[in-house]
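Here is what each chain is made of, one letter per residue.
Number of protein chains: 2
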Amino acid sequence: MFDYDFPLNINDLLYRARDLFSKREVVTRYPEGVHRYTYGDFYGRVCQLAHALDQLGLKKGEKVGSFAWNTFRHLELYFALPCTERILHTVNIRIPQEHFVHTINKAEDRFLFVDEDLVPIIERVQDRLETVEGYIVMSPSGRLPQTSLRSVYDYEELLAGQDEDYPFPEFIDEKTTALMCFTSATTGLPKGVEYTHRGVVLHTLAISLPDAANMSEKMTLLLVVPMFHVLSWGCPFACTMVGAKQVFPGPQPTPGDLARLIQDERVTHTAGVPTVWLALLDEIKLGKYDFSSLQEVLVGGSAPPRSLMEAYEEHGIPMVHAYGMTEAYPVVLVSRLKSYLEDLSREEQYYYRMKQGLLMPLLRGKVVGESGREVAHDGKELGELWLRGPWIARGYYREEEKTRETFGDGWYHTGDVVSIDQEGYIQIADRTKDLIKSGGEWISSVELENAIMAHPAVREAVVIAASHPKWNERPLACAVLKEGEDPRGKKKEIKEMLSQKFPSWWLPDDVVFVEEIPKTSVGKFDKKELRKKFGDYYMGK
Amino acid sequence: MFDYDFPLNINDLLYRARDLFSKREVVTRYPEGVHRYTYGDFYGRVCQLAHALDQLGLKKGEKVGSFAWNTFRHLELYFALPCTERILHTVNIRIPQEHFVHTINKAEDRFLFVDEDLVPIIERVQDRLETVEGYIVMSPSGRLPQTSLRSVYDYEELLAGQDEDYPFPEFIDEKTTALMCFTSATTGLPKGVEYTHRGVVLHTLAISLPDAANMSEKMTLLLVVPMFHVLSWGCPFACTMVGAKQVFPGPQPTPGDLARLIQDERVTHTAGVPTVWLALLDEIKLGKYDFSSLQEVLVGGSAPPRSLMEAYEEHGIPMVHAYGMTEAYPVVLVSRLKSYLEDLSREEQYYYRMKQGLLMPLLRGKVVGESGREVAHDGKELGELWLRGPWIARGYYREEEKTRETFGDGWYHTGDVVSIDQEGYIQIADRTKDLIKSGGEWISSVELENAIMAHPAVREAVVIAASHPKWNERPLACAVLKEGEDPRGKKKEIKEMLSQKFPSWWLPDDVVFVEEIPKTSVGKFDKKELRKKFGDYYMGK
Chain A
5 MFDYDFPLNI NDLLYRARDL FSKREVVTRY PEGVHRYTYG DFYGRVCQLA HALDQLGLKK
65 GEKVGSFAWN TFRHLELYFA LPCTERILHT VNIRIPQEHF VHTINKAEDR FLFVDEDLVP
125 IIERVQDRLE TVEGYIVMSP SGRLPQTSLR SVYDYEELLA GQDEDYPFPE FIDEKTTALM
185 CFTSATTGLP KGVEYTHRGV VLHTLAISLP DAANMSEKMT LLLVVPMFHV LSWGCPFACT
245 MVGAKQVFPG PQPTPGDLAR LIQDERVTHT AGVPTVWLAL LDEIKLGKYD FSSLQEVLVG
305 GSAPPRSLME AYEEHGIPMV HAYGMTEAYP VVLVSRLKSY LEDLSREEQY YYRMKQGLLM
365 PLLRGKVVGE SGREVAHDGK ELGELWLRGP WIARGYYREE EKTRETFGDG WYHTGDVVSI
425 DQEGYIQIAD RTKDLIKSGG EWISSVELEN AIMAHPAVRE AVVIAASHPK WNERPLACAV
485 LKEGEDPRGK KKEIKEMLSQ KFPSWWLPDD VVFVEEIPKT SVGKFDKKEL RKKFGDYYMG
545 K
Chain B
5 MFDYDFPLNI NDLLYRARDL FSKREVVTRY PEGVHRYTYG DFYGRVCQLA HALDQLGLKK
65 GEKVGSFAWN TFRHLELYFA LPCTERILHT VNIRIPQEHF VHTINKAEDR FLFVDEDLVP
125 IIERVQDRLE TVEGYIVMSP SGRLPQTSLR SVYDYEELLA GQDEDYPFPE FIDEKTTALM
185 CFTSATTGLP KGVEYTHRGV VLHTLAISLP DAANMSEKMT LLLVVPMFHV LSWGCPFACT
245 MVGAKQVFPG PQPTPGDLAR LIQDERVTHT AGVPTVWLAL LDEIKLGKYD FSSLQEVLVG
305 GSAPPRSLME AYEEHGIPMV HAYGMTEAYP VVLVSRLKSY LEDLSREEQY YYRMKQGLLM
365 PLLRGKVVGE SGREVAHDGK ELGELWLRGP WIARGYYREE EKTRETFGDG WYHTGDVVSI
425 DQEGYIQIAD RTKDLIKSGG EWISSVELEN AIMAHPAVRE AVVIAASHPK WNERPLACAV
485 LKEGEDPRGK KKEIKEMLSQ KFPSWWLPDD VVFVEEIPKT SVGKFDKKEL RKKFGDYYMG
545 K
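For the record, the sequence lines run as chains A and B.
End of the first sequence = 545 in the numbering used here, gap-free, step of one.
End of the second sequence = 545 in the numbering used here, gap-free, step of one.
Simulated from the structure, these hints should not be mistaken for lab results.
Incorrect hints may appear among the rest.
Identical copies go unnamed one by one, so any copy, or any two together, can satisfy a pair.
[Stated by the list, open to error] Capping the alpha-carbon separation at 20 Å, the derived lysine to any residue pairs in SDA-like fashion look like this:
id, residue 1, residue 2
1, Lys496, Ala458
2, Lys27, Leu341
3, Lys536, Glu127
4, Lys179, Phe6
5, Lys528, Pro11
6, Lys179, Pro11
7, Lys67, Glu89
8, Lys384, Ile432
Whenever a hint applies, use it, and build me the whole structure from the sequences.
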């Protein structure tokens, strides 16, 4: 036996919380009230759930789906399944019905754990779920609701009376699949990615590092990013390993709910997508709640506009930018200033801080231009980001062709077009399919969007590729004005502002004002929807 | 291919410094002056060294010894050997001659890299080195000194003109041995421990965590703990991965040299054994140098007396306690207060802070009493600490019998007698062989020593087991008084002080005042030496 025979197991993250942090809290907001228990209680319940899974007849290697919000019960699933050599598939509750039905069938989930308020959604599709043998309803009241679901159990009843200790396997082969997520596909059906014990443990260590998410026992983390969205970026595992207090916003949280949790639980850190922080900003400005405990906001999923970062900083809350994807467990880049860049002017600092950041330890990346060669590290030349590393997937679940396309040469071709500067900071210019190709040249919609959102009257903006009779594609800006703003004259102002920053051929030919920008299931701008509506905007002109 | 096929390689720590931190500095003090270069330069030199190793004919899996201080050249060896699938054996320069000769022969080192000022020591033993084919002298001047060594090369000459890039293997099997250290044996000959790529990478991630050594690009670390002493606790690897500035104190540093480096390089963190910090305290008190940049001191190797921790804190410098050993790469425990313990009184905080701390993530430990059962977690009951985990060795190099004795049941039996409290903080009471067994009961020498060192007139103290005609063993205290202190009356004061804290049968029967406490090669109190001198102190009485 050698030390390398000791496997990397999610179990050891769980045991650490039990052994060292049994007094630290896990808090969940439900509309009915706040639930609160300790990691000590949590461990006992994970054991009870493990016994319940045995009684359900779930075998090693079999899968279970969760259809649920961020709650302590979801956290129990995160550990009870992997730590007994089963697999948890966190189903995205916000993708179209045909998509989530596909993921449950594709994963062959034997059981589905469903939050009470989401039961009606599952009732409507139960006849199409080919492999699900039973449904376990997680209800805040601990009583089974009226439901047309067949073979239905109540979560609390299953756990009641079970032993609060469990004979977990001494060791699990670290290559064993522990969890499964699906991409939130913008084209075609979602694709599955398997996460191993080894990959989860390594990702947990890496995101916890000081220059990444800086995870410590002293932290109270509000997990806004959904647990059905790439494992809440891995935060539940990191918090459990280091003994941080976890605060879950529960079902359907409003910005007001988040604000109250930050105040009441003295939240020090939080993580989520920009649209959430945009909504929360109004709460901060209202001044009704106390945000003084909040030290940092981790933002990812899509790039926060600079105006948003600045608005938070005016309230003393720095935003840290991160980037990742389902194929990477998910975190790949985190953007913190290097020590010597802190001496730069505020303007120069934002040049780096607006970027998605530096590659995490152990990851290898390259930026490959159209020529097939790596681009210059000048912060300008664009290429596709390729990745490999110990938590970068090497294939999609039972998708041979798509695996070959995306991972064929041993590198994961992210489909994201980026630049990399001399300091190594990577900036996402666009998804390859969001790039605008005008007269044979590429235009980055993201840069234009950020510039438009810097206009004081603009709340949100996207730039899409609209078909054009002469140039093939030309950029079209779609903007939402802030409440009470008069659209008159704004189009001209925006165009003038852009003309000072970009070459003339980059400038959108037109700006349309819309009521709102549609969002994807994970809160990103949904360009596909807008393209459907405005894709032919220039064709009649 | 799966993501778990991507191995954990020390190479990726090196590449990260090259790609992201090429401007950050590595600084070395030599008596001739300070040497300074960047990680960019460092990478070029590691490549040159790799080419030089090829020219020397060193094959994969073969070993090379280093006999050297903390310098940038030693850092180059730390990476050039493992990253080309060879093995670096860091020879302890402070152990007895017969010991280090044994380790070089046992490891079968083919070459030995020697710092210029240490050449005379190697000249004296070269005829006894059975496998060494050549010597590479690392001289600050870059010129080969006069020497009787045969087959001798100059380090700088070997590197000169070599290509500053190198075709490192794309992947190395993570189970490959990367480095080798020997225990600094207190009984018998030193025993070898092999460190794999996987173990080093995992240990590097773990010690870098916020609640461990908190390694960040923003850090400037003065590495006082020798690079020949369990890899300077792994700090060179962690600094390189995160891009921290490394400051090496070079050959024979005095406390004044360290103080000057802290001031001139704006050192933020440092790491070493208590005896070093005791010596540096005089410099701090003199007030000649500016220590204002220093944020934290990591202390390990043996327990710092409370008086030392308090003295540093009076100067605004918190000490953080860590514990480890050669068999564990080496860090196992780090002592930081949990968030809710920060609300305790200063006195109660010291109860925890004086302990060696909490187990690092991924490690499993238990404290086994004489009955073979785990002890109560009450901070009192004593047992032996057993460890297992992904960077805990499972055997000694080519030592079947010793391996069976120490690792036979899959656990590493540390030989350290400890207590563990309700919060999980572990405290070392003693090495099993340092425990005093009086009338069939155990007495912890460490607790007595710490109490004696709290006396304002005492500089250092140890308590040893002295043979006793009636009780088999009885404690004997050996103390060094501070300069100018009069020994008269002190014996009585110390005994009275102890009698207020300990049961009467724990109290040393006598206190002897000595000129100094002998130290081991790594700066720990050498009780073996004192036992030779005073072991029969009570026998004639």
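So, going through the hints one by one against the coordinates:
1. Lys496 with Ala458: Classified as within: same-chain Cα gap 15 Å, cross-chain 77 Å, threshold 20 Å.
2. Lys27 with Leu341: Between copies, since 14 Å is at most 20 Å while 35 Å is not.
3. Lys536 with Glu127: neither (31 Å within a copy, 81 Å between copies)
4. Lys179 with Phe6: both (17 Å within a copy, 9 Å between copies)
5. Lys528 with Pro11: Neither. Shortest intra-copy (37 Å) and inter-copy (34 Å) distances fail the 20 Å Cα cut-off.
6. Lys179 with Pro11: The answer is both: 9 Å in one copy and 12 Å across copies each meet 20 Å.
7. Lys67 with Glu89: within (10 Å within a copy, 40 Å between copies)
8. Lys384 with Ile432: Answer is within: at 11 Å inside a copy they meet the 20 Å cutoff, but 56 Å across does not.
Of the numbered hints given earlier, the model fails hints 3, 5; all others are met.
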